[in-house]
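What follows is each chain in one-letter form.
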Amino acid sequence: MDENIPRVTPRQSATFDAYTTSEIRRAASTGIYDIRGGGAKRVLPHFDDLLFLGASISRYPLEGYRERCGTDVTLGGRFASKPLELKIPITIAGMSFGSLSGQAKEALGRGANAAGTSTTTGDGGMTQEERGHSKLLVYQYLPSRYGMNPDDLRKADAIEVVVGQGAKPGGGGMLMGQKINDRVAKMRSLPKGIDQRSACRHPDWTGPDDLEIKILELRELTNWEKPIYIKIGGSRPYYDTALAVKAGADVIVLDGMQGGTAATQNVFIEHVGLPILACIRPAVQALQELDMHRKVQLIVSGGIRNGADVAKAMALGADAVSIGTAALIAMGDNDPRFESEYNKLGTTAGAYDAWHLGHDPAGITTQDPELAARLDPEAAGRRLANYLQVMTLEAQTIARACGKNHLHNLEPEDLCALTVEASAMAKVPLAGTSWIPGQTPF
Amino acid sequence: MKQLDLQELGLRQINSTLQSAIPETDGQQWSVSNPMGLHAIACGLNSKLSVTIDGNAGFYCAGMNQQADVTIKGHAGVGVAENMMSGMVRVTGNASQSAGATGHGGLLVIEGDASSRCGISMKGIDIVIGGSVGHMSGFMAQLGHMVICGDAGEALGDSIYEAILYVAGDVESLGADCIEKQMTPEHEKTLAELLSRAGMDKDVKSFRRYGSARKLYNFNIDHAGDY
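Protein sequences, first through last, are from chains A and B.
Here the first sequence stands for residues 1283 to 1724, numbered as in my numbering.
Here the second sequence stands for residues 1311 to 1537, numbered as in my numbering.
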């Protein structure tokens, strides 16, 4: 080789980047797709692409630390005789016992109680840890019906009929055999140690007309007291919201593709569904056209991280938000103090997503008793309560700056978008213009 | 026997009355007339009542039953006795699809035929069908027994777990991971008990047993074609 010819710096392919090539090698080695937890990791249009327009002359702000800004929300007053009264519009999303340890479920309940909000069960059914520590508990009625029984329906404060999940609209779940200990196996009526498949659709209804009758049954069983939520994965939010209203929902939970999951195919997490930013306005439009906005409450979820996200979701028309992954992080998931243990598992703090394997060093997404014992439910609950409080304070700060004395008074007119894409999805003007693609002339 | 007229009282009043009835003081025997094919009749019962529904019922009749004995004198719609926990539900006519879906316990007897997906995701319930069942019956069935005195449609027991299926008639086809298994004296005894409880006069020797090959219990790339 002629040493006088300058050498070109080796260049990695943008298409076949390091992650992609490692995934190809992994697939070739194992013969199975990558299953993992967590939500989408790719960059997606998100609330960060929106900005609030604080008040000045045309709008009048409220005093930041003196004037009241309400945060309470009532969920489920359409048909239920006992709607949920929450102090803050941030709820805890459904996460199953089995996927999470008992200690983690207890911590969620403790944190939610302290902040004045609700928690939600998951695919594994209701546990004493959660019912015993959660004053307001939403019971998920899932396709798998693992552990489902009418006594638990009656013990719940609300019932959430899960149709879809943001991380995997149209998909079921898989709890790997490694996490199926005796207790989880018993709750799910399946042998210990086998992969437990959660169905992608309910076994005894097949469409909105059937769903309406199913909801009638749930109401008859619980004396028409409990609010009925319907949870949908963000994919066709306009039509699914309209059909959920038709089916009789008191509350609609709309989960975007940044939402977490305990375990599903990576390709599914990253390539199916819509970002929550693209879901809210079509859902609100459906509610408004049916004259049901604020009558049927809309909870949105999928990548909610801070008070700005909360405020933006509510300005776009949501009544409340729900958090899952963020709650786990607040409790200690992916904490750098476990870095050496994450390294042993072949990953690093902040990137650990093998929630389905049960080796979680933080003791949260595991059924290993020694690992689970690492999580102090009281301390983790306190951390979660602090986090919920911070998010609420942040949202209030923004709302006051927009001149609003309640978070529900935030509106699309308080927002602008930084990108054309976000402007089109959120249906708010591009910053510095009055242009909304597809809505107004340029 | 206490009489309740559904046309006169309405669904909410009927269910409220049955759900709050105390057998020791209100009596055990109840009759519901004029069901008119309405949905969710007698769902969520949780005491040792004996309830007769005089006519055809709609969706989810006797859903999530606990302890009660419910007899439907007629046909039943989708999801009869869905997610039943205990007690007994009897349909003297035919049942629509998803009969006994996700049931955790108790006994469901269908004297006539059941449509598709009978016993789907059953989790411990026992189901005895006097006639035949439609396709995909026993899909993802986890625990319990299904006794089919007639024929079974396509894909019987697809993706079945630990439930046990007994069929006297023909099976159109078996679903993924479902295989025929040997009938032992122990299985014949279980089957005889189920038939006796259901009031079905049928020779246990005429039945064949089906269950899981357990090849799909843990993912194996060599079985990917079965998924």
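Hints in this document: simulated from the structure, not taken from any laboratory.
Heads up, a few of these hints could be off.
What the hints assert, rightly or not - In silico DSS-like cross-links for lysine-lysine, where the CA-CA straight-line distance does not exceed 27 angstroms:
no. : chain 1 : residue 1 : chain 2 : residue 2
1   : B       : Lys1525   : A       : Lys1474
2   : A       : Lys1437   : B       : Lys1358
3   : A       : Lys1369   : A       : Lys1417
4   : B       : Lys1383   : B       : Lys1312
5   : B       : Lys1383   : A       : Lys1474
6   : B       : Lys1383   : A       : Lys1468
7   : A       : Lys1468   : B       : Lys1525
8   : B       : Lys1491   : B       : Lys1525
9   : A       : Lys1417   : A       : Lys1364
10  : A       : Lys1468   : B       : Lys1312
What the hints assert, rightly or not - Which residues of chain A face chain B? A few of them, derived with a C-beta cut under 8 angstroms, are:
no. : residue
11  : Asn1431
12  : Lys1496
13  : Glu1499
What the hints assert, rightly or not - Facing chain B, according to a computed beta carbon distance under 10 angstroms, are these residues of chain A, among others:
no. : residue
14  : Pro1327
15  : Asp1330
16  : Leu1472
17  : Ala1481
Glycine residues also receive a C-beta, built at the ideal position from the N, C-alpha and C atoms.
(message) Hinted pair, alpha-carbon criterion (27 angstroms max): Lys1369 (chain A), Lys1417 (chain A). Please report holds or violated.
(response) Holds, because 13 angstroms separates the two Cα atoms, which is no more than 27 angstroms.
(request) Return the status of the interface hint for Asp1330 (chain A): holds when the least beta-carbon distance to chain B is below 10 angstroms, violated otherwise. (result) violated, 37 angstroms
(message) Given Glu1499 (chain A) as an interface hint, is its Cβ closer than 8 angstroms to any Cβ of chain B?
(response) Result: holds, 4 angstroms to nearest chain B Cβ.
(request) With a cut-off of 27 angstroms on the C-alpha distance, tell me whether Lys1437 (chain A) and Lys1358 (chain B) pass. (result) holds, 21 angstroms
(request) Using Cβ atoms only, decide whether Ala1481 (chain A) comes closer than 10 angstroms to chain B, and label the hint accordingly. (result) Holds: closest Cβ of chain B sits about 7 angstroms from Ala1481 (chain A), inside 10 angstroms.
(request) For the hint on Leu1472 (chain A), just tell me whether its beta-carbon gets within less than 10 angstroms of chain B. (result) Cβ of Leu1472 (chain A) sits 6 angstroms from chain B, so the hint holds.
(request) Tell me if Asn1431 (chain A) is really an interface residue toward chain B, meaning its C-beta lies closer than 8 angstroms to one of theirs. (result) This hint holds: Asn1431 (chain A) lies near chain B, its Cβ roughly 6 angstroms from the closest one there, short of 8 angstroms.
(request) Measure nothing beyond the straight line between the CA atoms of Lys1491 (chain B) and Lys1525 (chain B); if it is 27 angstroms or shorter, mark the hint as holding. (result) holds, 14 angstroms
(request) For the hint on Lys1496 (chain A), just tell me whether its beta-carbon gets within less than 8 angstroms of chain B. (result) Status holds, d = 7 angstroms.
(message) Need the status of pair Lys1383 (chain B), Lys1468 (chain A): alpha-carbon distance at most 27 angstroms?
(response) Violated, because 35 angstroms separates the two Cα atoms, which is more than 27 angstroms.
(request) Mind checking the alpha carbons of Lys1525 (chain B) and Lys1474 (chain A) for me, to see if they're no more than 27 angstroms apart? (result) holds, 15 angstroms
(request) With a cut-off of 27 angstroms on the C-alpha distance, tell me whether Lys1468 (chain A) and Lys1525 (chain B) pass. (result) holds, 21 angstroms
Of the hints listed earlier, those the structure fails to meet are numbers 5, 6, 10, 14, 15, in rising order.
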